[in-house]
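If you read the sequences in order, they're chains V and A. For the first sequence, our numbering gives the first residue as 7, with consecutive numbering after it. For the second sequence, our numbering gives the first residue as 7, with consecutive numbering after it.
Incorrect hints may have been included.
Since the list gives no way to pick one copy over another, a pair counts as held whenever it fits inside one copy or between any two copies.
What the hints assert, rightly or not - Keeping only pairs whose Cα atoms sit at most 35 angstroms apart, straight-line, the calculated DSBU-like set for lysine-lysine is:
no., residue 1, residue 2
1, 92, 133
2, 281, 92
3, 325, 117
4, 92, 140
5, 341, 180
Calculated from the structure, these hints are not laboratory results.
For reference, the chains in residue letters:
Protein chains: 2
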Amino acid sequence: MLDKISYKEAFYRCIDNAKPTNLYKNIFVKDALREFLAEDILARRDAPVFSNSAMDGFGFKRSENKKLKVIKTIYAGDKYEDFEIKDDECVRIMTGAKVPDGIDTVIPIEKCVEVTDEYIVIPEIKKGANIRLKGEEIKKGEIIAKKGEEITPEMSALLISQGIVNVKVFIKPKIAILSTGNELKEPWEDADEEEIYNINSHSIKALLEKNGFSADLIGIIPDTLEKTVEFIKNLKNRYNVIVTTGGISFGDADFIYEAFLKNGLKPFFRGIMVKPGRPTMVGAIDDTFVFALPGNPLSSYLNAFALMIPTLRKLSGAKKYFYNFAYAKNKSGFKVNPKKDHTILGRFECGEWEVYKNYKYGSGMVSALSCSNSLVILGNKEIVKEGEMLKVIPFNIGFCQNCDFFND
Amino acid sequence: MLDKISYKEAFYRCIDNAKPTNLYKNIFVKDALREFLAEDILARRDAPVFSNSAMDGFGFKRSENKKLKVIKTIYAGDKYEDFEIKDDECVRIMTGAKVPDGIDTVIPIEKCVEVTDEYIVIPEIKKGANIRLKGEEIKKGEIIAKKGEEITPEMSALLISQGIVNVKVFIKPKIAILSTGNELKEPWEDADEEEIYNINSHSIKALLEKNGFSADLIGIIPDTLEKTVEFIKNLKNRYNVIVTTGGISFGDADFIYEAFLKNGLKPFFRGIMVKPGRPTMVGAIDDTFVFALPGNPLSSYLNAFALMIPTLRKLSGAKKYFYNFAYAKNKSGFKVNPKKDHTILGRFECGEWEVYKNYKYGSGMVSALSCSNSLVILGNKEIVKEGEMLKVIPFNIGFCQNCDFFND
């Protein structure tokens, strides 16, 4: 019989069994998007590296003098010898230009009372205004990014501003995707009216790639137990994660499960009380993680998304592997079977969420995925009311056809 | 003087001037993630392609008979000749297997009253139960994806299930990124204590790549007006979008603006009443879009994110180019200057949003970007109260260190 654990329990059994890798490699920052740092990154230099002007304006030493003689112009990038500046003098200075020693305040051109080529007249201004002080953002030696953080475009900008072009990142697991079902055709093959295309391998590979993982499509599992045992034996030494789809519920030719067992598989669970996606087995052969996902395209995709991706992140050394969620107002009420947990597709737009087709779609319906952009995971509920606030996990939150995203 | 338009006005001037391309190319679905469809996609086949069993169980023609003789077993992928089935007969049938003509109902094994190798005894069951009917999800010829939609992993699964391996997508604009500032060092170059790295080009390139665009880093703009005019003249024939950073406010050597004008630039605006990012110019030379972004790393990144990415999506034929947002409860109150609009960084986690460093960070601070995962665009406000609901645009919503995303 299949296990009857909750979806939450299944999630934690996956996560708790995932031991992060300790292998790392060196990589150029420009190629490192979506990788996870294998080291804390220390600042190599202060930021700003020197005190500089935040505006185009005039720099001076703040005093009682309000009429100041312009003695010099300093552009961004100018290098110059130290010079002395008197209380009744100032320099024209551009945004980003180094502020000379002795100057403590900058006034932007448009705030001056009078501006000529020779002198300016200034109003009262706070000492220190419009100067970005050396090191005020970052001090040399401080931690600017932590081990386990994901490299985003934003972090890569920070690393580059520090002249850091190379970082240590964790080596991600090698992933193999297998299919079951000799009846499946590959999408590039001819299929007659009664043949079905192999969707799962391809959609799971696309999901993995979107999440910064890559995977090899190994093909179809051999059709006898003996050959399958041998096949898995070879794979488990080459891959850190094996993903299969289909053939894991009872009634199907279930020698796949047996072949895993004969290779030393320790299952964490086999079966989840969830709709869709009940026939799912996750376990490990030594350090090799095995995800045996359901054969139904929707079920396998949802479990890959909700259970496998977080686990792969943890295996890859990521510090963050829980899905972030947004609260959204439920747009139209619907009913579910309270004896099961549910992973439910819908559209999240402008703070509202609407279930796909009133939750009347089957586990084979790939179109449900394509028409949705988010997931709600539900337990212990029979009725989800209109107007109720739900925790929504967006997978394609990105863009809308029309959305007033301004707070005004 | 710089224009004083609002951020919203700047956004709409960008969007309204962006004319979508009509150029398309053919591409393999597996390589088409993040591309925009240049055609409606019609279903090539019904889905399901044949009526099939949704469960492992027994199929029969529903009648008064409750004791049924098992005459045959049908596995997924089995092909067979039509055969007749009597009212007191049934077939063992597996999930996904084709349901024979004449059979209208399937009962799962576990719901049978009695199961032997020869016969089963069944309870009352609804006609049509557990059968997925041919075409119930998709009818051959119906539109399954629309022109202008973005190809996601989920859509690619749908296309593959239809045996569609090749699609027409819009050709995205060719983008050139230029820098200003002869003083800048590239991150791989040695820089002394007083030299600054060229962050902007690299961070904007990373932002573009994250959004499915690619760009060429052209390098630094020549240092005279004459050379710059010539340089831009050559570029505008090779690129559909030119992005510059820095050198667009007054006081700087502003020959870049002049060089664009001499090349026929029509500005949509020059200057936005926003903090940070005021010195920003957007316009076009014939069909070539020009984004002249500020020199401050944070300002240029934020305007690239909020103004340029949506515009590039529209230029690329995308149907959706407005940022989707999530409502979030503001975690700690802060003040802003009500005379300007503001693009404000913060962290969006588990339905709450917290401004970065109480909004006391400067426009040069790249660390603000790296430590944040979302943006709030604010207008006409002086105080943002604790507990207030804000529209938040996430740019790295992804994952949290710990987040209870289950609705239970």
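To see whether the hints hold, each was checked on the structure:
1. 92 to 133: For residue 92 and residue 133, only the intra-copy Cα distance (16 angstroms) is at most 35 angstroms; the inter-copy one is 97 angstroms.
2. 281 to 92: The answer is between: 33 angstroms across copies meets 35 angstroms, while 78 angstroms in one copy does not.
3. 325 to 117: For residue 325 and residue 117, the Cα distance exceeds 35 angstroms both inside one copy (47 angstroms) and across copies (45 angstroms).
4. 92 to 140: within (23 angstroms within a copy, 89 angstroms between copies)
5. 341 to 180: Classified as neither; 40 angstroms inside a copy, 49 angstroms across copies.
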